[in-house]
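Given chain A, work out where chains B, C and D should sit, using these hints.
Read top to bottom, the protein sequences are chains A, B, C and D.
Count the first sequence with the working numbering and you get residues 20 to 335, in order.
Count the second sequence with the working numbering and you get residues 5 to 124, in order.
Count the third sequence with the working numbering and you get residues 1231 to 1338, in order.
Count the fourth sequence with the working numbering and you get residues 814 to 906, in order.
These aren't lab readings, by the way, just hints derived from the structure by calculation.
Mixed in with the good hints, there may be bad ones.
Taking lysine to any residue pairs in the SDA-like style, the calculated list, with each CA pair at most 20 Å apart, reads [claimed, not checked]:
no., chain 1, residue 1, chain 2, residue 2
1, B, Lys35, A, Leu96
2, C, Lys1258, C, Leu1240
3, C, Lys1258, D, Glu895
4, C, Lys1317, A, Leu96
5, C, Lys1317, D, Thr841
6, C, Lys1317, A, Val203
7, C, Lys1317, A, Phe248
8, B, Lys35, B, Leu97
9, C, Lys1258, D, Ser838
10, B, Lys35, A, Gly105
11, B, Lys35, A, Val100
12, B, Lys35, A, Leu98
13, B, Lys35, A, Leu95
14, C, Lys1258, D, Ala827
15, B, Lys35, B, Val46
16, C, Lys1258, D, Thr841
17, C, Lys1258, D, Leu837
18, C, Lys1317, D, Pro840
19, C, Lys1317, C, Asp1261
20, B, Lys35, A, Thr104
21, B, Lys35, B, Gln103
22, C, Lys1317, A, Val200
23, B, Lys35, B, Arg119
24, C, Lys1317, A, Pro199
25, B, Lys35, B, Ile101
26, C, Lys1258, D, Ile834
27, C, Lys1258, D, Leu826
28, B, Lys35, A, Val102
29, C, Lys1258, D, Pro840
30, B, Lys35, A, Gln202
31, C, Lys1317, D, Ala819
32, C, Lys1317, C, Ile1247
33, B, Lys35, B, Ile113
34, C, Lys1317, C, Trp1305
35, B, Lys35, B, Ala104
36, C, Lys1317, A, Gln202
37, B, Lys35, B, Ser111
38, B, Lys35, B, Thr90
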Amino acid sequence: MLSMTAIAVVRLRSLFGVVMLFGIYSLLSALIFVVLDAIDVAFTEAAVGAGVSTVFMLATLVSTGREEKPSRYSPLLPLGVVVVTGAALVWGTLDMPHFGDPGNPVHVHVADRYVQVSPTEVGIPNMVTSVLASYRGYDTMGEVIVIFTALVGVLSLLTIRGHVTVPRHRTTGPDSRPYPVLQVMAMLLIPFILVFALYVQFHGDFGPGGGFQAGVIFASAIILYALTFGLNDAVALVPVWLIRVLAAAGVLIYGGTGVVSMLRGANYLDYDVLAHDPVHGQHYGILIIELGVGITVATVMIGIFFAFVSRAEGSR
Amino acid sequence: MVFSLFNYWVVIVLMMAGFYTVIASGNLVKKIVGLNIFQTSVFIMYISVGKVIGGTAPIVAANTELYSNPLPHVLILTAIVVGVATTALGLSLIMRIRQAYGTVEESEILDISTREDEAG
Amino acid sequence: MLVIDIVSGLLLLAGSILGLSGAWGLLKFPDFYARVHAASITDTLCAACFVAALMLQASFSLVAVKLLMVLLLLWLTSPTSGHALVKAAHRSGLRAVTWTPPADGGRS
Amino acid sequence: MTAMLAVATIALLAVMLMALIRALSGPTVFDRILAVNMFGTKTVLLIAVYGFLTGRPDFLDLSIFYALINFIGVIAVLKFVERVGENDEAEKS
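Chain A with its partners taken away, still in its complex shape:
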């Protein structure tokens, strides 16, 4: 782990192909998360960092050009600032708790309760999911709304053009034949990816996974489709209005669950009352809001991807 992190730092010195190296960097940090026992986080980081955000950055590069011009300012001043700040931070860490010590302050407050009680109280083995969806349901709802807002922001900045008019010569010219092998492969893989996304979505209670990861996986299937068959086909498959409606629907499912539990006489997002006994209620609640999260994340990612690519195509 340590050596690999050091390599990740070396990577930063390269000026060209930064984005591609950023993909590697994400994979590396996801590996570090695996080593540090954070399986769910590794899942998300791999999906988001190595998959989706690399694709977004690439799409941006297409429309902005990929050469970086040398800065006119001397790099010495920022370097100095960085070194001084870093030194101050290192000095600060001398008082920090030691790595892996079970007596760390973070481990003595509510975490114990999560670890000890959640398997019986919420009744699902994956503590990350139970903390995410049940104990800290408000936080997660806030995050979902942030993501939804991001989609709104991106869509208001960049419009998705339903039918990109690709110039004729690009589609028929000898240099832009589609990759037949790739298309066959994509056709084989996409159903598998979709099934896998559903598995991750609904198996999230028992193993690593959950709405966030499943949403990204689902989106990545659509992204693969758009990459191999062209944007127009993908937009035909998942129309823009569907993205808008479903993204809002996901947030509504989440919020609606809270309202339902209020109507049944409990606090907002308290799932105990959703079924006859609390553990079942928790199960239903988590399943439903994870579904909401999954729908929102998937549609938001697809929407942002469409917006980026249609902008990139339109800029030519």
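Just chains B, C and D now, kept in the frame of chain A:
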């Protein structure tokens, strides 16, 4: 004992690398990459704080007693997804900037806008 | 049990050696197409060795099925991406260097 | 057996290191993509091996997923590199 603080130093090195990229690079896309690296360093810090030596992933399994702390995992899980959403927003702003100014270099944008101010 | 351990150990060793040789080729070969050659050919067999070794360890369970899925995916995706890569490189006008050994017999 | 798994882990790390060097130095963009691809497949294997090393092989979902993401990533990079190349040529001509 010094070695047991190593994780923080790794985090700091990453953080400073991201910070340096943000302030020293004039290219807006590069700045976003720098921000992402900075962000990742914070993620690693949270997760490494949550690690318990001898513990295992916080999913209940037979014959394991000690688990790592699930709370940082949850915080970072959502933070990553929010991070990509904000990254996407930033990138789309960059695309608009490129459309408005024809460049994504900070210094050139400043030149153009000062020229416009003088002209207008 | 012992035999299984030995066999899977040997498979792991073989996989490691294959992977290392592929990486060595990736580093040392003179041009892009040679590197693709080194990397993608070793990739599949290396993956197969590792997965087979782990499957022997896992016995028959969901884990073994998942390993099989990993293997199938790698077998499907890795050659495909290699193919697409070479095709894209070829299209973009990258040509193999006609590498001729220098007359003095030394490495250039 | 644990020793063999550890040896395999170290070998995989070495392979990843070499791939990383190629990705950092690679003269053409395709070299980098190739290195990234190799890096990805080795990551998949490494996660599988690591799962067995720590005795919790439930996490193979993760490596299945890495294999997928790796593929999608490489395809995406290829597509966009082609487009950027076209743009560059268009600007030149």
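Against the structure, the hints:
1. Restraint check for Lys35/B and Leu96/A: satisfied, since their Cα atoms lie roughly 17 Å apart, inside the 20 Å limit.
2. For the given pair, Lys1258/C sits about 27 Å from Leu1240/C by alpha-carbon distance, which is inconsistent with the 20 Å threshold.
3. About 26 Å separates the Cα atoms of Lys1258/C and Glu895/D, which puts this hinted pair outside 20 Å; it is violated.
4. Distance restraint check for Lys1317/C and Leu96/A: the Cα-Cα separation of roughly 45 Å exceeds the 20 Å cut-off, and the hinted pair is therefore not satisfied.
5. For the hint linking Lys1317/C to Thr841/D, the alpha-carbon distance of about 15 Å falls within 20 Å, and the restraint holds.
6. A threshold of 20 Å between alpha carbons decides the hint, and for Lys1317/C with Val203/A the separation of about 16 Å falls inside it, so the pair holds.
7. Taking the CA atoms of Lys1317/C and Phe248/A, the gap is near 17 Å; set against the 20 Å cutoff, the hint holds.
8. Between Lys35/B and Leu97/B the alpha-carbon distance is near 13 Å, which keeps this suggested pair within the 20 Å criterion.
9. Annotation: proposed proximity of Lys1258/C to Ser838/D holds, straight-line Cα distance about 12 Å (limit 20 Å).
10. At most 20 Å may separate the alpha-carbon atoms for a hinted pair to count; Lys35/B and Gly105/A meet this at roughly 19 Å.
11. Taking the CA atoms of Lys35/B and Val100/A, the gap is about 17 Å. The hint holds against a cut of 20 Å.
12. Note on Lys35/B and Leu98/A: the hinted pairing holds, with a Cα-Cα distance of about 15 Å set against a maximum of 20 Å.
13. Proposed proximity of Lys35/B and Leu95/A is supported: the alpha carbons are some 17 Å apart, at most 20 Å.
14. In summary, the hint linking Lys1258/C to Ala827/D is supported, as the alpha carbons are separated by about 15 Å, within the 20 Å threshold.
15. At most 20 Å may separate the alpha-carbon atoms for a hinted pair to count; Lys35/B and Val46/B meet this at roughly 17 Å.
16. As the CA atoms of Lys1258/C and Thr841/D are separated by approximately 15 Å, the hinted pair is consistent with the 20 Å bound.
17. Using a Cα cut-off of 20 Å, the hinted pair Lys1258/C and Leu837/D holds, with the two alpha carbons roughly 14 Å apart.
18. This hinted pair checks out: Lys1317/C and Pro840/D have alpha carbons roughly 18 Å apart, not beyond 20 Å.
19. At most 20 Å may separate the alpha-carbon atoms for a hinted pair to count; Lys1317/C and Asp1261/C meet this at roughly 15 Å.
20. Taken as a hint, the Lys35/B and Thr104/A pair is honoured in the structure, with Cα atoms around 18 Å apart against an allowance of 20 Å.
21. The suggested pairing of Lys35/B with Gln103/B holds, with an alpha-carbon distance near 18 Å, which does not exceed 20 Å.
22. Between the alpha carbons of Lys1317/C and Val200/A the distance comes to roughly 11 Å, so the proposed pair stays at or under 20 Å and holds.
23. Under the criterion of a C-alpha separation no larger than 20 Å, the hint pairing Lys35/B with Arg119/B is inconsistent with the structure, at around 24 Å.
24. The suggested pairing of Lys1317/C with Pro199/A holds, with an alpha-carbon distance near 11 Å, which does not exceed 20 Å.
25. For the given pair, Lys35/B sits about 14 Å from Ile101/B by alpha-carbon distance, which is consistent with the 20 Å threshold.
26. Of the pairs offered as hints, the one joining Lys1258/C and Ile834/D holds, with about 11 Å between alpha carbons and a cut-off of 20 Å not exceeded.
27. For the hint pairing Lys1258/C with Leu826/D, the CA-to-CA distance comes to about 18 Å; that is within 20 Å, so the pair holds.
28. For the hint pairing Lys35/B with Val102/A, the CA-to-CA distance comes to about 18 Å; that is within 20 Å, so the pair holds.
29. For the proposed pair Lys1258/C and Pro840/D, the alpha carbon gap of about 13 Å is at most 20 Å, so the pair holds.
30. Note on Lys35/B and Gln202/A: the hinted pairing is violated, with a Cα-Cα distance of about 35 Å set against a maximum of 20 Å.
31. Between Lys1317/C and Ala819/D, the direct Cα distance comes to roughly 37 Å. Violation of the 20 Å bound is thereby established for this hinted pair.
32. This hinted pair does not check out: Lys1317/C and Ile1247/C have alpha carbons roughly 28 Å apart, beyond 20 Å.
33. Note on Lys35/B and Ile113/B: the hinted pairing holds, with a Cα-Cα distance of about 15 Å set against a maximum of 20 Å.
34. For the proposed pair Lys1317/C and Trp1305/C, the alpha carbon gap of about 19 Å is at most 20 Å, so the pair holds.
35. This hinted pair checks out: Lys35/B and Ala104/B have alpha carbons roughly 19 Å apart, not beyond 20 Å.
36. With a C-alpha separation of about 14 Å, the suggested pairing of Lys1317/C with Gln202/A holds against the 20 Å cut-off.
37. A threshold of 20 Å between alpha carbons decides the hint, and for Lys35/B with Ser111/B the separation of about 13 Å falls inside it, so the pair holds.
38. For the suggested pair Lys35/B and Thr90/B, the alpha carbons sit about 13 Å apart, so the restraint of at most 20 Å is met.
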